[in-house]
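Student: Read off the chains here:
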Amino acid sequence: MMQLLSKQKFLFLFGILLVVTPFVVTNRFYLNIFILILLYATIAGSWNILGGYGGQLSLGHAIFFGIGAYTSTLLYLNFGVSPWLGFIIAAVISIVVGILIGWPAFRLRGTYFTLTTIAFAEVIRHLTLYFRDVTKGAIGVNIRFEPSFANLIFREYSAYYFVVLVLFVISIAIAIWVDKTKVGYYLKAIREDEDGAETLGIHVTKYKMIAMVISAGMTGIAGVFYAQYMLFFEPISVFNMNFSIEIALIAIIGGVGTVFGPVLGAFIIIPLNELLRSSFPSLSGMNYLIYGVVLILIVSFLPNGLLPILKSIPKKLKGLNKKNIKVEDGEKVDYSG
Amino acid sequence: MIIQVKEVSKHFGGLKAVNGVSFDVNENEIVGIIGPNGAGKTTLFNLISGSLPVTSGQVVFNNEDITSQKPYVICKKGIGRTYQIVKPFGNISVLENAMVGAFNKASSTKEAREYSLEILKKVGLDKKKDQIGKSLTIADKKRLEVAKALATQPTLLLLDEVMAGLNPSEVKEILPMIKGLRESGITIILIEHIMEVVMNVCDRIVVVHHGEKIAEGTPKEITNNPEVIKAYLGEELSFA
Numbered sequence: 001m002m003q004l005l006s007k008q009k010f011l012f013l014f015g016i017l018l019v020v021t022p023f024v025v026t027n028r029f030y031l032n033i034f035i036l037i038l039l040y041a042t043i044a045g046s047w048n049i050l051g052g053y054g055g056q057l058s059l060g061h062a063i064f065f066g067i068g069a070y071t072s073t074l075l076y077l078n079f080g081v082s083p084w085l086g087f088i089i090a091a092v093i094s095i096v097v098g099i100l101i102g103w104p105a106f107r108l109r110g111t112y113f114t115l116t117t118i119a120f121a122e123v124i125r126h127l128t129l130y131f132r133d134v135t136k137g138a139i140g141v142n143i144r145f146e147p148s149f150a151n152l153i154f155r156e157y158s159a160y161y162f163v164v165l166v167l168f169v170i171s172i173a174i175a176i177w178v179d180k181t182k183v184g185y186y187l188k189a190i191r192e193d194e195d196g197a198e199t200l201g202i203h204v205t206k207y208k209m210i211a212m213v214i215s216a217g218m219t220g221i222a223g224v225f226y227a228q229y230m231l232f233f234e235p236i237s238v239f240n241m242n243f244s245i246e247i248a249l250i251a252i253i254g255g256v257g258t259v260f261g262p263v264l265g266a267f268i269i270i271p272l273n274e275l276l277r278s279s280f281p282s283l284s285g286m287n288y289l290i291y292g293v294v295l296i297l298i299v300s301f302l303p304n305g306l307l308p309i310l311k312s313i314p315k316k317l318k319g320l321n322k323k324n325i326k327v328e329d330g331e332k333v334d335y336s337g
Numbered sequence: 001m002i003i004q005v006k007e008v009s010k011h012f013g014g015l016k017a018v019n020g021v022s023f024d025v026n027e028n029e030i031v032g033i034i035g036p037n038g039a040g041k042t043t044l045f046n047l048i049s050g051s052l053p054v055t056s057g058q059v060v061f062n063n064e065d066i067t068s069q070k071p072y073v074i075c076k077k078g079i080g081r082t083y084q085i086v087k088p089f090g091n092i093s094v095l096e097n098a099m100v101g102a103f104n105k106a107s108s109t110k111e112a113r114e115y116s117l118e119i120l121k122k123v124g125l126d127k128k129k130d131q132i133g134k135s136l137t138i139a140d141k142k143r144l145e146v147a148k149a150l151a152t153q154p155t156l157l158l159l160d161e162v163m164a165g166l167n168p169s170e171v172k173e174i175l176p177m178i179k180g181l182r183e184s185g186i187t188i189i190l191i192e193h194i195m196e197v198v199m200n201v202c203d204r205i206v207v208v209h210h211g212e213k214i215a216e217g218t219p220k221e222i223t224n225n226p227e228v229i230k231a232y233l234g235e236e237l238s239f240a
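Chains U and D are the protein sequences, given in the same order.
Okay, so the first sequence: first residue is 1 according to UniProt numbering, each after it adds one.
Okay, so the second sequence: first residue is 1 according to UniProt numbering, each after it adds one.
For reference, chain U alone in the conformation it holds in the complex (with noise of 0.2 angstroms):
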């Protein structure tokens, strides 16, 4: 019980921090990497929904960013359809290729659907090249700085902020409800054995689509508000594999599978990531470089993520201060979130 109220208090704590953020913070250097620290939350607890409760490792998810970035853009520059109605065009868009491409590649397991996913992401990316009349090729697409609230384009980045906030809330309220709701239940089992899910009474299938729709339509909505952020975009940039590799790799790190561990594994990644890239600016390729070691360091020690062990610290505390340590009933999970 005393473990359940800190971690109310934590996450109340946490909430307050995330929402003072942009008055405290001023410095427009530091206030970026806040918001791409949502951003990027986002896009992982997106991308956990199907990778991490499903176990579906997907390493395409840049196709339904770069998707939800080309659609919104597109849209307004051409018909002058405002992004905000673009993040909800786009998120449809996102869902139905997402479902598309769960047709065939669901039939598939393991190292075979990831690769399909691979597959499908090279061949969009190359898709957006070849028509250049539509997309600009690789030129890229760029939206004129326009600051206005229905064009989605601020002046100050905190109006961004609270924006991605919003997303970002968003996306941790889905995977509450998936967390906590049969769907999560049954992803799990799909998850650990596909067969024995589907003796328990799961169409696998049909779980496994609800994970793609859930996963697509939330990082296609991301891909709104990049491309809104940035006013830049191109091929290369939104359909990149480095880009899905990193966002799976947020997750694994944070822990994948639980509701927090995408947020956790953004608020380490993001920074070191920003702050590498700034700190050795002549060293391109020094931030994945770490990121190799740390993923090295995660999956041979740490194979359930960076979470767990956060969450075992009050408790380890509260034993101490008690000079009491129960000895476990063999080995506990608490994926609770």
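Treat the hints as calculated values from the structure; they're not laboratory data.
Among these hints, one or two may not hold up.
As the list claims (entries may be wrong) - Derived pair list, reagent style BS3-like, types lysine-lysine, alpha-carbon separation capped at 27 angstroms:
(1) U:K136 - D:K141
(2) U:K180 - D:K127
(3) U:K7 - D:K105
(4) D:K141 - U:K180
(5) U:K182 - D:K6
(6) D:K77 - D:K6
(7) U:K9 - D:K110
(8) U:K316 - D:K129
(9) U:K7 - D:K127
(10) D:K6 - U:K180
(11) U:K316 - D:K6
(12) D:K105 - U:K180
(13) U:K206 - D:K76
(14) D:K122 - U:K182
(15) D:K129 - U:K311
(16) D:K105 - U:K206
(17) U:K206 - D:K77
Keep in mind the model is a prediction, meaning the values are calculated, not measured.
For this one, chain U is given, so just place chain D on it according to the hints.
Tutor: Here is chain D on its own, set in the frame of chain U:
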């Protein structure tokens, strides 16, 4: 009659794993399926539970044709099964394992949790509910298999060698549980090698050999059946 298996066959290329097997099971009966290794017992279960489509034949459950339906459909209709090679969900807790099954009928997480706790108590895993699946001993993993299947609230339960690999005292613990299940109104078909169990628990026995049914009857009839003795011990040698 809760289930009728009619002339079902499963051929893998030239191999006739199950060949024209028929039998019926009445409500609230315990029927054992025995036979030497490789006789096709587990394949027969796979055909009933939908894990494999049949080559020919028919499976009728509660007067409804369920032949070659998907496993999740068959589970929804009320047939639960366990696997001989246990399939615990390794990285989630015992309670969560059971809850996955319970969601088959439960409408809320709370309901699933409460029902699962009940089931875990029934199979004697309530004290280990927070352990993760893969950390259990083999005996407990078998219990968990039963718990998961039971949590789906089946009316017919297929138990595939739930006692293989258990020591005699563990078998003695599980026996009353199986009898208890029948008392709670569940019909059971079980595959078992331990004769003590089969003779003790089963109302009727179906003997399968080389994919074909060679005998059916009460335990007493089966032990005296020459065909069965031949299958297990071989033919009497007679040289001219």
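Student: Sort out whether U:K182 lies within 27 angstroms of D:K122, counting only the CA atoms.
Tutor: holds (23 angstroms)
Student: Just to be careful, I want the Cα atoms of D:K129 and U:K311 compared with a cutoff of 27 angstroms; is the pair within it?
Tutor: holds (20 angstroms)
Student: Need the status of pair U:K206, D:K76: alpha-carbon distance at most 27 angstroms?
Tutor: Roughly 15 angstroms between the alpha carbons, so the hint for U:K206 and D:K76 holds.
Student: Between D:K105 and U:K180, is the straight-line Cα distance small enough, at 27 angstroms or below?
Tutor: holds (17 angstroms)
Student: For U:K9 and D:K110, compute the direct alpha-carbon distance and say whether it is at most 27 angstroms.
Tutor: holds (24 angstroms)
Student: For a C-alpha distance cap of 27 angstroms, please report whether U:K180 and D:K127 respect it.
Tutor: holds (23 angstroms)
Student: Decide if the proposed pair is consistent with the structure: U:K7 and D:K127, CA atoms, cutoff 27 angstroms inclusive.
Tutor: holds (25 angstroms)
Student: Holds or violated: are the alpha carbons of U:K182 and D:K6 at most 27 angstroms from each other?
Tutor: It is violated: about 36 angstroms lies between the C-alpha atoms, which goes past 27 angstroms.
Student: Hey, D:K105 versus U:K206, does the alpha-carbon distance stay inside 27 angstroms?
Tutor: holds (17 angstroms)
Student: U:K316 and D:K6 were given as a pair; does the straight-line alpha-carbon distance stay at or below 27 angstroms?
Tutor: violated (60 angstroms)
Student: Quick one, are D:K141 and U:K180 close enough, alpha carbons at most 27 angstroms?
Tutor: holds (25 angstroms)
Student: Against the 27 angstroms threshold, does the CA-CA distance of U:K316 and D:K129 hold or violate the hint?
Tutor: Holds. U:K316 to D:K129 sits at ~21 angstroms (cutoff 27 angstroms).
The structure fails hints 1, 3, 5, 10, 11 (numbered hints given earlier, in ascending order).
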